[in-house]
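Undergrad: The residues making up each chain are set out below.
There are 2 protein chains.
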Amino acid sequence: MPYLSSAFHDVPAAAPLRVNGARLNEWLTRFDSIGRTPTGINRVAYSEADLAGRAFTQQLLRDAGFTPRIDTAGNIYARLEGTNRALKPILIGSHVDSVTDGGNFDGPVGSFGAIEVARTLREKGTRLRHPLDVVIWQNEEGGTTGSKTAIGEMNDVELAKVARSGKTIRDGIGIIGGDVSRLAESVKKKGDIACYIELHIEQGGLLEKAGKQIGVVQGIVGLRWFEVTITGFANHAGATPMDQRQDAMLAAAKFTVAVNDAVRAEPGRQVATVGRMVVSPNTTNVIPGQVVMTVDLRDLDQAKIEHFTEVFERLAREIGAATKTTFAFKRLTDSKPAVSDPQVMNWIESSATALGLSSQRMPSGAGHDAQEIAHIAPMAMIFIPSVGGISHSPKEFSRAADITNGADVLLNAVLAADASPAAGPP
Amino acid sequence: MPYLSSAFHDVPAAAPLRVNGARLNEWLTRFDSIGRTPTGINRVAYSEADLAGRAFTQQLLRDAGFTPRIDTAGNIYARLEGTNRALKPILIGSHVDSVTDGGNFDGPVGSFGAIEVARTLREKGTRLRHPLDVVIWQNEEGGTTGSKTAIGEMNDVELAKVARSGKTIRDGIGIIGGDVSRLAESVKKKGDIACYIELHIEQGGLLEKAGKQIGVVQGIVGLRWFEVTITGFANHAGATPMDQRQDAMLAAAKFTVAVNDAVRAEPGRQVATVGRMVVSPNTTNVIPGQVVMTVDLRDLDQAKIEHFTEVFERLAREIGAATKTTFAFKRLTDSKPAVSDPQVMNWIESSATALGLSSQRMPSGAGHDAQEIAHIAPMAMIFIPSVGGISHSPKEFSRAADITNGADVLLNAVLAADASPAAGPP
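Chains as they are written, first to last, in the UniProt record's numbering: chain L, 1 to 426; chain U, 1 to 426.
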């Protein structure tokens, strides 16, 4: 089949296709007014602003010549048909909901980038063998609800959770046009999707620091959350000599420093964060009797998560003995790393190269819908730089040129996937 | 005057007078039921329980043959007349109000100890040259209101403060029988009091650790409270590499450890405590952007307070530079050390020796009414051991034998003061 062969060999190698970057960025600029408040973008799932954002997105699909449909989970899909009916769809997309007081780039860049890729292919008359599905997952920020449902991981406990909009996920699904009683109809199984590629802002500062234009995401890191309760003895801050204290705050401080030192002492990209600390009685003139704190530990390698768990527990024992306090650990969350597919990473990497863009491989420290889809399909993600490494903040920003680069890479990765024998027979 | 001479030379040296310890401890046992709640003693100033405690105390005075009177500040006084009308009174006493969820010993030991001393002197027919005044200061725990008023340091700002009972100090004074419009009548000036001696529980663990029965208090430490605001940059806990963080929590932890190390690295009894920490946004998966914390610094030597202030500010600059955060200091409270009178300390020390009790000199890390009276009269305090060093807690406890020892020392110190030429002409 010479036509398809031509698409495969020529496009990425000699004259890569390019999206309409000006159009894509104009969409993002218009989208910025939806859910904009004095403290940032507030398009939290199931809110009025989320509904407005979803309507805007569906209109973009219609303007591009597609017919959006809402699945029973509330995800938005649109399809560009392929030439080979035997092939499973290539899936691209992201989300348009936001955190509280967030920015305009986390989600919309990948969502609108996917729409722009589909529109470019349609406009240029480039026919793919595979169907190309654009997906806009619902409630990514509140627990990857849409993609979790798509892999059959939704349950009553999850549905009963109250989202940031104040509505339960169960009610939210109805509000956005889904049907909780028919969620099973939206579940995909292994083999249903040829591959999944998600474009996203990095949300960190690695690319900016390295001076690279494209991140080839090796996977979404696994995450373990510990709640650590340190018990000492509350006593008078004036009358208790320094050598007779059982100071839970001092123990918590030593542990915070030790956790930081430990993860930095070994090579690798593991991160650990003490984000929360609740002190009791939290009074200026009383030696704290108890501190409850959290540690957020992440790495792409599960063995490292297990290793640092042991390190933290050992440090806690040592600090507890030295400060006459006790440490109790409780695990709040435990999610395994989601590793990218090597071939999908290669398609992204070679597309970046063909486009003359610098790239590097890197883990995603943040969670994404891609981590769910990794359970049922080969996946990888494309990152573009976040200015200052800032995200989940009104200061979140990515440059128009970088956004265009990301969509160009997505477009060419889709073409490479479509042409690959591995993605299905030609 | 042979009689007085005899009292001076013989009593402490050969056969020291002793209080009725069983009676004193029985009073304390009965007092334990007033304001007792499931979470501890709650006799906060101006509460129903405080009123009941004050009534109980006045009845003890009446039972001892005294006529209690309430001054316009709401302090309770009772007098044992002396033989020399030219001499100013020796003042002894403490307080009977408590903190929230406190114990039965902080205050009552010294208050009832003073009543027992006066009763013993009356019962034994021991005539003092000086009048002996027993005082029960009001609202010690809420800001030494009674003793502050006694030295003329009460003002409208202080009177408008809301005490733990929910009543303003102004209203509270009326409730306990004082008269806010006539506070000036309760003010004492320099020369009005021969000396002030206060018996109190230690509220720390120095005596217990040293195996000593009596603490001769060298003074009440000065205190400086800092509020330290550490500003970093809130960012994603997963996506931000360890070397690109401006982690306010890590900076706060390093500073907490450094403050502790600094005060322990130098000889002396200085103490510093980080008792309060408020983290923002205080979320497991966000690197904290801001921490507001307090440091409570105390020492008997003002020069040391100034020294450690400089040390803390230098440490903050170093840690701020290392963690890419900024530290801002604000002083919440600043009170100067109140130094004991050497002669009053000697009377206490020699009384302990005469009674066969071990003693050591030590600072008071906690605040007391004595620190106010130090401004107008020679003062010193007598400490007895706190079991486990615990105070301001339902677990606060002092042994009956130690309480009796303390009252015995108070009795003999009063006799020594009365006999001393320095306390007034014989």
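It is worth saying that the hints were derived from the structure and are not from the lab.
A virtual CB, placed ideally from N, CA and C, is assigned to each residue, including glycine.
Keep in mind that the hints are not guaranteed to be accurate.
Quick list of in silico lysine to aspartate or glutamate cross-link-like pairs, EDC-like style, CA-CA up to 16 Å [claimed, not checked]:
| hint | chain 1 | residue 1 | chain 2 | residue 2 |
| --- | --- | --- | --- | --- |
| 1 | L | K330 | L | E306 |
| 2 | L | K209 | U | E185 |
| 3 | U | K209 | L | D243 |
| 4 | U | K324 | U | D192 |
Negatives, chain L to chain U, calculated, CB over 12 Å [as the list claims (entries may be wrong)]:
| hint | residue |
| --- | --- |
| 5 | G65 |
| 6 | T126 |
| 7 | K161 |
| 8 | V259 |
| 9 | G275 |
| 10 | A354 |
| 11 | E396 |
Undergrad: Work down the list of hints and note, for each, if the structure agrees.
TA: Checked hints:
Annotation: proposed proximity of L/K330 to L/E306 holds, straight-line Cα distance about 15 Å (limit 16 Å). Using a Cα cut-off of 16 Å, the hinted pair L/K209 and U/E185 is violated, with the two alpha carbons roughly 72 Å apart. A hinted pair counts as satisfied when its Cα atoms are at most 16 Å apart, and U/K209 with L/D243 qualifies at roughly 11 Å. Distance restraint check for U/K324 and U/D192: the Cα-Cα separation of roughly 57 Å exceeds the 16 Å cut-off, and the hinted pair is therefore not satisfied.
L/G65, annotated as away from the interface, keeps every beta carbon of chain U farther than 12 Å; the closest lies near 35 Å. The claim that L/T126 is not at the interface with chain U holds, since no C-beta of that chain comes within 12 Å of its own (minimum 34 Å). Non-interface status of L/K161 relative to chain U is upheld: no Cβ of that chain comes within 12 Å, the nearest being about 16 Å off. Against chain U, the non-interface label of L/V259 is violated: not every CB pair exceeds 12 Å, the least being about 9 Å.
Annotated as non-interface, L/G275 brings its C-beta within 12 Å of a C-beta of chain U; the closest such distance is 5 Å. For L/A354, the non-interface assignment is confirmed: its Cβ lies about 27 Å from the closest Cβ of chain U, beyond the 12 Å cut-off. A cut-off of 12 Å between C-beta atoms contradicts the statement that L/E396 is not in contact with chain U; the least separation is 10 Å.
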